[in-house]
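> Starting from the known structure of chain D, arrange chain C on it as the hints suggest.
Number of protein chains: 2
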Amino acid sequence: MSSKFPNTRVRRHPERGRYDPETIYGIIDEAWHCHVAAVRDNLPVVIPTLHVRIDDQLYIHGAVAAGLFKDMGRETPISVAITHLDGLVLARSLYNHSANYRSVVIFGIAREVVDADEKMAVFHALADRIALGRWEDARIPNDIEVRTTRVFAIPLDQASAKIRSGPPADDPEDMDRATWAGVLPLRATYSTPIADPQQVPAIPLPDYLTRLVTPDA
Amino acid sequence: MSSKFPNTRVRRHPERGRYDPETIYGIIDEAWHCHVAAVRDNLPVVIPTLHVRIDDQLYIHGAVAAGLFKDMGRETPISVAITHLDGLVLARSLYNHSANYRSVVIFGIAREVVDADEKMAVFHALADRIALGRWEDARIPNDIEVRTTRVFAIPLDQASAKIRSGPPADDPEDMDRATWAGVLPLRATYSTPIADPQQVPAIPLPDYLTRLVTPDA
Numbered sequence: 001m002s003s004k005f006p007n008t009r010v011r012r013h014p015e016r017g018r019y020d021p022e023t024i025y026g027i028i029d030e031a032w033h034c035h036v037a038a039v040r041d042n043l044p045v046v047i048p049t050l051h052v053r054i055d056d057q058l059y060i061h062g063a064v065a066a067g068l069f070k071d072m073g074r075e076t077p078i079s080v081a082i083t084h085l086d087g088l089v090l091a092r093s094l095y096n097h098s099a100n101y102r103s104v105v106i107f108g109i110a111r112e113v114v115d116a117d118e119k120m121a122v123f124h125a126l127a128d129r130i131a132l133g134r135w136e137d138a139r140i141p142n143d144i145e146v147r148t149t150r151v152f153a154i155p156l157d158q159a160s161a162k163i164r165s166g167p168p169a170d171d172p173e174d175m176d177r178a179t180w181a182g183v184l185p186l187r188a189t190y191s192t193p194i195a196d197p198q199q200v201p202a203i204p205l206p207d208y209l210t211r212l213v214t215p216d217a
Numbered sequence: 218m219s220s221k222f223p224n225t226r227v228r229r230h231p232e233r234g235r236y237d238p239e240t241i242y243g244i245i246d247e248a249w250h251c252h253v254a255a256v257r258d259n260l261p262v263v264i265p266t267l268h269v270r271i272d273d274q275l276y277i278h279g280a281v282a283a284g285l286f287k288d289m290g291r292e293t294p295i296s297v298a299i300t301h302l303d304g305l306v307l308a309r310s311l312y313n314h315s316a317n318y319r320s321v322v323i324f325g326i327a328r329e330v331v332d333a334d335e336k337m338a339v340f341h342a343l344a345d346r347i348a349l350g351r352w353e354d355a356r357i358p359n360d361i362e363v364r365t366t367r368v369f370a371i372p373l374d375q376a377s378a379k380i381r382s383g384p385p386a387d388d389p390e391d392m393d394r395a396t397w398a399g400v401l402p403l404r405a406t407y408s409t410p411i412a413d414p415q416q417v418p419a420i421p422l423p424d425y426l427t428r429l430v431t432p433d434a
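Quick note, the sequences are listed as chains D and C, same order. In terms of the working numbering, the first sequence opens at residue 1 and continues consecutively. In terms of the working numbering, the second sequence opens at residue 218 and continues consecutively.
These aren't lab readings, by the way, just hints derived from the structure by calculation. For each residue, glycine too, the CB sits at the ideal point set by N, CA and C. Fair warning: there could be bad hints in the mix.
From the derived model, a few chain D residues whose C-beta atoms are all more than 10 Å from chain C [stated by the list, open to error]:
no., residue
1, E15
2, T23
3, Y25
4, D29
5, E30
6, R53
7, I54
8, D56
9, E118
10, V183
Sample of chain C residues facing chain D (criterion: CB under 10 Å; computed from the structure) [what the hints assert, rightly or not]:
no., residue
11, V262
12, E362
13, P423
Chain D extracted, bound-state conformation (with noise of 0.2 Å):
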């Protein structure tokens, strides 16, 4: 473990900090992107990328010639966040307006992979991650594709999580204000699949995919 990132203690609202791997995991594995933070030239850049985590390590990947992925080498000390925003806080008084959230800061050294069979895992991961079915049911990459997709590797080692849940928390002297206080839910959700328009023939959308989009079917 490197002992010059920061220390992954959740120093504001201590009370919110997880540090449980399958906390930490659970918000990861929910998540479709990620918010990935480098240092070029000396500044700071993050950008959103697709993930996947395979027992304790976090995966990303880019094609070779993107942006972040192209400055990167074999090694570079990165920051990654994944949020999931679950609701509007409206507490009585402004200043205690907040929002439920529940995410995970993780730093590390960023490994890029270049052994085939351990990224052709991953791709097998980012697969599976969509919905079981997948992997068997499209191309699978060639070598050429393999080649030209950068995989980056970063361990869990350094990683916490933060939750905040629950109604809003006023000040004793606000409590008998007479404002709506309270949670405004908000999730991700599904909305009906569209079809490529060049689909030819008609192929229904398969059971792997419909139980995905209606969960509670």
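Just chain C now, kept in the frame of chain D:
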């Protein structure tokens, strides 16, 4: 304009780049939260936070004691990313799987706002951002609350947007494959507001919030 910052032109998929304020501001204004990256001890740090835009400035705020904000000086180089994930793009080949998204990446010097009136204008904008009517309904910040909240302004003159939309782009040789291809749209939606259980007497959800959570009503 600082010339030290990287070129904000989109390098990978340049056809997805947008530089007009209307597009950039629209993406910023629709989002509740952003990811802010800074450099600390030569290492990148990224955290989620809430934001609001006023004209050509992005404002972020946090408690004086909060992690990243505690470390930020009066002028700190930062990068901010705001991302809407609009859908998963499922291609016939795994390599061409993608995401539909609208993102903005901003580079700039975060300037600490120390003027109480400018700070109050930001708090007002944050309340209006939730819904017009919230500022008049809730208790506005008092002097101590204004002092213990740090606010930073980032100019939006070095920002770029990147947008992907539409169906998958498969290679010609994959087009006849019997794999379902298309888009699984994602969107953030409100669910039923949850009143604070301590709310006494029962206060009905005000009209300005009812309109927010039921936009189609």
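> Tell me, in ascending order, the numbers of any earlier hints that this structure violates.
Hint check: 10 fails alone, others pass.
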